[in-house]
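There are 2 protein chains.
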Amino acid sequence: MFSEKEIAQFKETQLSDKTIYDGHILSLHVEQVRLPNGQTAEREIIHHHGAVAMLVLNDAGAGAFVTQWREPLRRLSVEIPAGKLEPGENDPDEAARRELNEEIGYAPVTPLQPVTTFYSSVGYSMEKLHLYFSDRIAPVAHKRPLDSDEFLQVDWLTLAQAQAAMADGRIVDAKTVTAIYWWALQRATGRLTGDVG
Amino acid sequence: MFSEKEIAQFKETQLSDKTIYDGHILSLHVEQVRLPNGQTAEREIIHHHGAVAMLVLNDAGAGAFVTQWREPLRRLSVEIPAGKLEPGENDPDEAARRELNEEIGYAPVTPLQPVTTFYSSVGYSMEKLHLYFSDRIAPVAHKRPLDSDEFLQVDWLTLAQAQAAMADGRIVDAKTVTAIYWWALQRATGRLTGDVG
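Protein sequences, first through last, are from chains C and W.
Using the working numbering, the letters of the first sequence map in sequence onto residues 6 to 202.
Using the working numbering, the letters of the second sequence map in sequence onto residues 6 to 202.
By construction, these hints were calculated from the structure, which means they are not laboratory data.
Treat the hints with care, since some could be wrong.
Because identical chains cannot be distinguished in the list, a pair is counted as satisfied if it fits within a single copy or across any two copies.
[Said to hold, decoys possible] Below, in silico cross-link-like pairs of lysine to any residue (SDA-like), each with a Cα-Cα straight-line distance of 25 Å or less:
1. K10 x L157
2. K133 x E155
3. K148 x E94
4. K16 x V38
5. K16 x Q44
6. K10 x V71
7. K148 x F15
8. K148 x R103
9. K10 x E155
10. K16 x E107
11. K23 x H54
12. K10 x G110
13. K16 x P41
14. K23 x V71
15. K148 x G88
16. K10 x D140
17. K10 x Q37
18. K23 x N42
19. K133 x A143
20. K10 x A169
21. K148 x V71
Kindly generate the complete structure, drawing on both the sequences and the hints.
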């Protein structure tokens with residue numbers, strides 16, 4: 006992927022790693038690293054178990070969105086369903102199905118399609134997010150409850166409605182913006198047909 | 006944007022806010038909040054000054070990408086040019102031009118086009134990223150130096166090359182994935198012409 010020469014040219018070497026805080030959903034570490042020029046620098050790094058997010062469309066071609074309070078933003082936010090991986094959880098596909106069940110009460114009837122995987126904020130966080138897609142979903146017989154500190158509302162939006170929610174500022178998070186661009190791209194390139202909304 | 010009723014239904018109310026760590030690029034706070042059902046919960050929140058990222062295309066239609074070590078990922082990463090806002094910096098457009106100068110030695114010759122703004126990780130971070138576009142850029146006469154702890158390599162990739170770098174795992178970060186989907190969408194919908202790569 007990268008050549009040994011490229012890696013040697015830019016690699017930072019960890020000299021020390023101190024845990025500042027070990028929390029419920031993240032830990033904060035401060036590392037000392039040796040830079041390529043031999044000098045040292047400090048790196049503030051969030052450790053995180055990773056997350057899943059799912060763009061799922063119903064038979065009418067509308068996508069599931071959840072509205073919830075996001076305390077870091079001090080506001081409500083409209084997002085595609087998502088959730089954190091548990092510590093040690095190595096199957097993002099299973100986590101995706103769990104979160105779809107808990108958040109919207111649906112399950113994919115064919116395997117979820119992996120869309121892409123990305124790190125949310127490469128400058129300071131290890132968080133890796135797995136984005137999935139399905140347009141073959143059905144209501145579950147037994148919906149599992151939300152986490153005790155989760156409160157949300159489910160809405161089904163057409164692509165045009167989702168794009169309008171981006172334009173008017175109801176949708177403001179990276180995973181949902183990414184999913185909407187991808188959705189629009191599939192539609193534009195004829196890989197998805199769908200609603201006329 | 007959201008109704009008072011929706012806000013009242015989901016709002017979390019901050020009861021306390023404790024600074025755990027006040028670092029160079031981020032701070033970690035822990036808040037106690039009151040949930041809509043009256044119970045309390047803890048929220049771990051990263052405070053961050055925000056960031057800018059820029060998709061810029063040269064006259065041949067190729068985009069500027071920088072390769073650098075990302076210690077949180079323990080690996081190299083190929084990304085669009087980007088940078089943090091300084092504390093108190095309120096003009097992301099100016100920050101975008103500064104980072105383009107420092108990272109690739111180019112400046113836009115017409116105003117940068119705002120593409121979208123998103124929060125990188127709404128579950129735990131305040132970081133807001135402003136994404137810009139330009140296909141009218143020129144080399145600067147006087148390139149400013151990189152930060153002393155920054156080492157990077159600049160490459161110009163066509164859309165097809167950038168998509169290949171996503172597919173083979175050299176590109177793995179949220180802002181760059183988002184920018185590539187947007188770039189492909191502009192191309193697919195005829196809003197950008199460009200290279201045949």
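Is it within a copy, between copies, both, or neither that the alpha carbon of K133 lies no farther than 25 Å from that of A143? This pair counts as neither: shortest intra-copy Cα distance 28 Å, inter-copy 35 Å.
Measure nothing new, just compare the shortest in-copy and cross-copy C-alpha distances for K10 and V71 to 25 Å and report within, between, both or neither. The answer is between: 16 Å across copies meets 25 Å, while 46 Å in one copy does not.
Cα distance capped at 25 Å. Does K10 pair with L157 within a copy, between copies, both, or neither? between (49 Å within a copy, 13 Å between copies)
Which holds for K10 with A169 at a C-alpha limit of 25 Å: within a copy, between copies, both or neither? Cα proximity of K10 and A169: across copies only (21 Å, versus 46 Å in one copy).
For K148 vs G88, is the C-alpha pair at or below 25 Å within one copy, between two copies, both, or neither? within (16 Å within a copy, 43 Å between copies)
Status of E94 relative to K148 across identical chains (alpha carbons, at most 25 Å): Classified as within: same-chain Cα gap 21 Å, cross-chain 46 Å, threshold 25 Å.
Up to 25 Å CA-CA - P41 versus K16, copy category: Close inside one copy (6 Å), not across copies (47 Å); limit 25 Å.
First find the shortest C-alpha distance between K23 and N42 inside one copy, then the shortest across copies, and answer within, between, both or neither for a cut-off of 25 Å. within (23 Å within a copy, 37 Å between copies)
I want to check one pair: K148 and V71. Are their C-alpha atoms no more than 25 Å apart within a copy, between two copies, both, or neither? Close inside one copy (16 Å), not across copies (45 Å); limit 25 Å.
Is it within, between, both, or neither for K10 and E155, if the alpha carbons may be no more than 25 Å apart? Answer is between: at 18 Å across copies they meet the 25 Å cutoff, but 47 Å inside does not.
Status of V38 relative to K16 across identical chains (alpha carbons, at most 25 Å): within (10 Å within a copy, 41 Å between copies)
Give the relationship of K23 and H54 under a CA distance limit of 25 Å: within one copy only, between copies only, both, or neither. both (18 Å within a copy, 23 Å between copies)
Of the numbered hints stated above, those contradicted by the structure are hints 14, 16, 19, listed in ascending order.
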